[in-house]
Amino acid sequence: MAELEVAVLRHVHEGEGGGDSAEVALAQQVDHLAVIGAVKSLESAEMITAEGYKKTEVELTADAKIYAESGSPEAHVYSQIPAEGISIPDLQKAIGGKQLPKDTASLGQRQAMAQKWVSIDRATKLLVRQVDSIEDTVQQQLQRVAAGKASELSEAEVKNLTKRKLLAVRTWTAYRLARGPKFALERKKQHTDLTVEMLRDGTWEKADFKAYNYAALCPQPLGGYLHPLLKVRSQFRKIFMQMGFEEMPTNAWLENSFWNFDSLFQPQQHPARDAHDTFFLTTPATTSMEKLPQDYVQVVRNTHERGIDGSRGYESYWKTSEAAKNLLRTHTTAVSARMLYRLAKICRDGTGEFQPAKYFSIDRVFRNEAIDRTHLAEFHQVEGVVCDRGLTLGNLIGMLREFFKRMGMPELRFKPAYNPYTEPSMEIFGYSNELGKWMELGNSGMFRPEMLRPMGFPEDVNVIAWGLSLERPTMILNKMNNIRDLFGHKVSLAAVGDNPVCRLGFQGHVVPPVAT
Amino acid sequence: MPVITVGRDKLFEALGKQYTDDEFQDLCFAYGVELDDVTTERQQAAKEVAGTAAEAELSNQDDDEILYKIDIPANRYDMLCLEGIARALNIFKRPKECSVTYELADMSQRQPLKLTIKPDTALVRPFMVAAVLRGIKFDATRYKSFIDLQDKLHQNLCRQRSLVAIGTHDLGTLQPPFTYEALPPEAISFVPLKQTRSFRADELLTFYSENDKALRRYVPIIQDSLVFPVVLDANRTVMSMPPIINSAHSQITLETTDVFIDVTATDLTKAKMVLNILCTMFSQYAAQPFTTEPVEVVDALGNSTLYPDLSPTEMTVSVDAINRYIGTQLPGQQIANSLAKMALSGALTDDGKAVHVRVPPTRCDVLHACDVIEDVAIAHGYNNIHASVPQCATVGAELPINELSELLRGEMARAGYTEILTWALVSRDENFGKLRRPDDGTTAVVLSNPATVEFEVCRTSLLPGALKTLAESRSLPLPLKLFEVGDVVLLDSDAEAGARNERRLCAVCCAHSDTFEAMHGLLLWIMRALGVPCRLDGEAIPEGTQEERHPDKFQGYFGWKMSSDATFFPGRQATILSEGRPVGIFGIVHPEVSTAFKIPAPVAALELQLEPFVFDQFRNRLATHILQ
Numbered sequence: 001m002a003e004l005e006v007a008v009l010r011h012v013h014e015g016e017g018g019g020d021s022a023e024v025a026l027a028q029q030v031d032h033l034a035v036i037g038a039v040k041s042l043e044s045a046e047m048i049t050a051e052g053y054k055k056t057e058v059e060l061t062a063d064a065k066i067y068a069e070s071g072s073p074e075a076h077v078y079s080q081i082p083a084e085g086i087s088i089p090d091l092q093k094a095i096g097g098k099q100l101p102k103d104t105a106s107l108g109q110r111q112a113m114a115q116k117w118v119s120i121d122r123a124t125k126l127l128v129r130q131v132d133s134i135e136d137t138v139q140q141q142l143q144r145v146a147a148g149k150a151s152e153l154s155e156a157e158v159k160n161l162t163k164r165k166l167l168a169v170r171t172w173t174a175y176r177l178a179r180g181p182k183f184a185l186e187r188k189k190q191h192t193d194l195t196v197e198m199l200r201d202g203t204w205e206k207a208d209f210k211a212y213n214y215a216a217l218c219p220q221p222l223g224g225y226l227h228p229l230l231k232v233r234s235q236f237r238k239i240f241m242q243m244g245f246e247e248m249p250t251n252a253w254l255e256n257s258f259w260n261f262d263s264l265f266q267p268q269q270h271p272a273r274d275a276h277d278t279f280f281l282t283t284p285a286t287t288s289m290e291k292l293p294q295d296y297v298q299v300v301r302n303t304h305e306r307g308i309d310g311s312r313g314y315e316s317y318w319k320t321s322e323a324a325k326n327l328l329r330t331h332t333t334a335v336s337a338r339m340l341y342r343l344a345k346i347c348r349d350g351t352g353e354f355q356p357a358k359y360f361s362i363d364r365v366f367r368n369e370a371i372d373r374t375h376l377a378e379f380h381q382v383e384g385v386v387c388d389r390g391l392t393l394g395n396l397i398g399m400l401r402e403f404f405k406r407m408g409m410p411e412l413r414f415k416p417a418y419n420p421y422t423e424p425s426m427e428i429f430g431y432s433n434e435l436g437k438w439m440e441l442g443n444s445g446m447f448r449p450e451m452l453r454p455m456g457f458p459e460d461v462n463v464i465a466w467g468l469s470l471e472r473p474t475m476i477l478n479k480m481n482n483i484r485d486l487f488g489h490k491v492s493l494a495a496v497g498d499n500p501v502c503r504l505g506f507q508g509h510v511v512p513p514v515a516t
Numbered sequence: 001m002p003v004i005t006v007g008r009d010k011l012f013e014a015l016g017k018q019y020t021d022d023e024f025q026d027l028c029f030a031y032g033v034e035l036d037d038v039t040t041e042r043q044q045a046a047k048e049v050a051g052t053a054a055e056a057e058l059s060n061q062d063d064d065e066i067l068y069k070i071d072i073p074a075n076r077y078d079m080l081c082l083e084g085i086a087r088a089l090n091i092f093k094r095p096k097e098c099s100v101t102y103e104l105a106d107m108s109q110r111q112p113l114k115l116t117i118k119p120d121t122a123l124v125r126p127f128m129v130a131a132v133l134r135g136i137k138f139d140a141t142r143y144k145s146f147i148d149l150q151d152k153l154h155q156n157l158c159r160q161r162s163l164v165a166i167g168t169h170d171l172g173t174l175q176p177p178f179t180y181e182a183l184p185p186e187a188i189s190f191v192p193l194k195q196t197r198s199f200r201a202d203e204l205l206t207f208y209s210e211n212d213k214a215l216r217r218y219v220p221i222i223q224d225s226l227v228f229p230v231v232l233d234a235n236r237t238v239m240s241m242p243p244i245i246n247s248a249h250s251q252i253t254l255e256t257t258d259v260f261i262d263v264t265a266t267d268l269t270k271a272k273m274v275l276n277i278l279c280t281m282f283s284q285y286a287a288q289p290f291t292t293e294p295v296e297v298v299d300a301l302g303n304s305t306l307y308p309d310l311s312p313t314e315m316t317v318s319v320d321a322i323n324r325y326i327g328t329q330l331p332g333q334q335i336a337n338s339l340a341k342m343a344l345s346g347a348l349t350d351d352g353k354a355v356h357v358r359v360p361p362t363r364c365d366v367l368h369a370c371d372v373i374e375d376v377a378i379a380h381g382y383n384n385i386h387a388s389v390p391q392c393a394t395v396g397a398e399l400p401i402n403e404l405s406e407l408l409r410g411e412m413a414r415a416g417y418t419e420i421l422t423w424a425l426v427s428r429d430e431n432f433g434k435l436r437r438p439d440d441g442t443t444a445v446v447l448s449n450p451a452t453v454e455f456e457v458c459r460t461s462l463l464p465g466a467l468k469t470l471a472e473s474r475s476l477p478l479p480l481k482l483f484e485v486g487d488v489v490l491l492d493s494d495a496e497a498g499a500r501n502e503r504r505l506c507a508v509c510c511a512h513s514d515t516f517e518a519m520h521g522l523l524l525w526i527m528r529a530l531g532v533p534c535r536l537d538g539e540a541i542p543e544g545t546q547e548e549r550h551p552d553k554f555q556g557y558f559g560w561k562m563s564s565d566a567t568f569f570p571g572r573q574a575t576i577l578s579e580g581r582p583v584g585i586f587g588i589v590h591p592e593v594s595t596a597f598k599i600p601a602p603v604a605a606l607e608l609q610l611e612p613f614v615f616d617q618f619r620n621r622l623a624t625h626i627l628q
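In order, the protein sequences belong to chains A and B. Going by our numbering, the first residue of the first sequence is number 1, and it counts up by one from there. Going by our numbering, the first residue of the second sequence is number 1, and it counts up by one from there.
Excised from the complex, chain A in its bound form (with noise of 0.2 Å):
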């Protein structure tokens, strides 16, 4: 390669600043891709300058080249007819023994005969020599084309060949060459990369760089690689954090009908508390009772049956096997009312003052349903709890804002809707600017007297509370519509690779900016 590079430096500088790729392949023998190489290398060092040109040329079929070095297919011919004569199956016989193109005996024939060089005598049929010597120009003239002096032939040879199929017409590209800003007769080494020991002797001051191609891609670190739900997750839980709220502890996805419905005012004979909507559980099937607070107990049941703080309850018996029943729990807010239950304790006993608390979660909850494009028999709840003295519906509606507009969903409306133990209760709507329509977010409300009045909590505290899923915003956010892209054994792995960092939650400064 540096001594194909140093030939066509040379070329260039012979031929006084000017040359030709064509003839550096013809003078060094070489393929011009190889000089085309070269001259490319030496073009991006600047040392020559190259510009492509068409350039039509006449070469060697395949068998020319046999024949230019053997002979022409008439020689051949005339070469194998001894002076008796031989018959044409014998002639073929004889020359299909050699190395040669398969039809060179039918050809040469044709050939042979047409200059007259051979003859086929009537009576024995053989075929016979006419002359007693040829000259074989055919030869000559396909050894010239192979010396690259094709330019030495008349118009009517190459015809002639091109019509016996022994020329080829070629159009290719090759470069007329110029001495380049950087020209010097010899290359300097160009290096690609910065190394310690360049540094170390100092030489990276005078080396010279190859250029970098910068339209190129280059393979990625290899790496591991967080899920994309799980990421989304992640910027969730900073938000809630922002906002001052306290994670609940939701590592328990087996919960009682007790907690996961009584406890929140979902009639027993709520529809949810279908074998259809929820699983249920054969080992452990209940929870024995004994083992819950008992006063509570007694009071979630006076609650359902005749109600509590003006309200008329169910008025319906309330079977305490109903609340026992285990189940996959269907909704975080099993394990809020497990904290507000907690919260209110030092208004139970009356040992102390209430105490304001903002709770968040996020963890699987469970549906008995069937699996298709965008339901899962499992997924994740997000889940906010605000409960203090005084708490408003507008004050809901506040905190919604202030929380989906860190989701980037600044625009939201509120529809009426029913929720057992919320009331009033609200769904969510957000207007996604991306997608120019309006989306179901989730749903809010704020908790009934009947959920909260048990638990123990003065009559002036109210919570308000919201819950979402976490897969769909993060379908929204990756544009995907198949739930099980996402969550399960069927992900792809290089759509995890590929996923990006997640920005929900990124926000402007808080701070206005100081005016200049």
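If you're looking for bench data, these hints aren't it; they were derived computationally from the structure. Glycine residues also receive a C-beta, built at the ideal position from the N, C-alpha and C atoms.
Derived lysine to any residue pairs resembling SDA-like cross-links, with alpha carbons at most 20 Å apart:
| # | chain 1 | residue 1 | chain 2 | residue 2 |
| --- | --- | --- | --- | --- |
| 1 | A | Lys437 | B | Leu27 |
| 2 | A | Lys405 | B | Ser388 |
| 3 | A | Lys345 | A | Leu292 |
| 4 | B | Lys10 | B | Leu254 |
| 5 | A | Lys319 | B | Ser162 |
| 6 | A | Lys319 | B | Pro126 |
| 7 | A | Lys182 | A | Gly37 |
| 8 | A | Lys490 | B | Val453 |
| 9 | A | Lys40 | A | Gly15 |
| 10 | A | Lys405 | B | His386 |
| 11 | B | Lys598 | A | His489 |
Which stretches of chain A does chain B cover? Using the computed rule of at least three CB atoms under 8 Å from a CB of chain B, they are:
| # | segment |
| --- | --- |
| 12 | 232 to 245 |
| 13 | 254 to 260 |
Put chain B on the given structure of chain A with help from the hints.
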């Protein structure tokens, strides 16, 4: 949520106004119902025969009635039919013109019809209430709506007829007084609706079990009872055998003018609610609109009650409480007036400080003042309420086990492992058999009724999910390195509900070779990240170090020792120890296990409990299971 299908044009006729789909959607949004879908009967039929030639034919016809499918909140039983939806929306838009008062017919000049409940009904279905609608004018649409409403009530409030069942009769074909009895099946024979011959009751149940898809599911409600409930007239003509079927004899038709409604139940409160809904909805078409003729019901103890009870429930709610709850400063009179929009009637008390609310029998969802407050908020408009962020000052905090998990997830990714997230519900075989682990019934939570057959148990190990992921990723170049931080669920009799979650870290490495060392190295990486030093058995404690003073030489250290777990390859596996106690395992997965999961290359795995490593910077242990 129930979805009610109504004809758009009939609905608009009842609303007295033509809406565009968008305008109607906006009205629904403000009220709290939802226009779920706009379709036609043919399109609906086409959906059922999707993909066939019939579909193209059906959807190409455009002379079809346009249908609205409307989502109704699950507690608004008064909106389960066109009449109810139109009435609620009309009142919401024009309360003054459209408000309705529900009344009982004046019975001063005549005796109400009488129904007697026999004591034996207590054995099977103890309650019954009834009412009469006089001078009803049915047409095809009203008739269908009447039948559909009963159907919707049966599905929702009546809990598939187990709590409440409705029967409606052409009163002209019957001879009062009526009795509600419980008789042995052999003693009941009648021609049921849609049949032409007489069946004996037990024979009829068998017939429905075998031949009737719709009625089959109600059979178990009374099947095992020694006596079946039956409603009879004075001539001992069977009117109905609740909760299964009415008799053909008293079937209502388009010509029926007087309708007798029987409602039987195991829950009296809900029976009364159902009767009220039927009467308030369809008395609209009675000779005297919104007036129902009561029936005297004599219960098993001889107590006589007049049904239905259409009297309003009364409630007094303070204006201040309403404003404090919503976050508004609405004047009392405005609140009182606005309640009319929600079909409640409100009157300001004399001192102006409270609103006296009368809740009509249609609004049985109103249990407490907060329900009234919600209606004030809806009438005012949720989107007109001033938003303000609660001012309570609280501090944010993470749960330590989750905080540690978050940090460790980052460390695992830095070690070159890619995170997976797999399902907690697995098959028994994935959790036990394929892992070469016996299921002795003492570790896994078992589901009783999964809709998806492969969900049988809660995972007790993170391994099945990781191995399934490897199997799904067979086409990717090796090595594959995956991890998951998540919970498993273990039976635990000390826990309140009998099981507890345990946080685990699981990693798998699938490669051509050297997987065991990869896992061993990963363990060291994890422990370095956790800040837990290593001490192998027999190693001396450095003299003069703090550790020397510890009574237990393994305290604060981790280690490992060779193990013999059937899931892993013999001789290439070890138990992970924390402070001398086993907290996990790593090793090459047994070839029979990887083969069972259809993984063609060697796999090594590590599974580690994280609870033992939940401590603070001073190595104080932090609680991980707080509530149970």
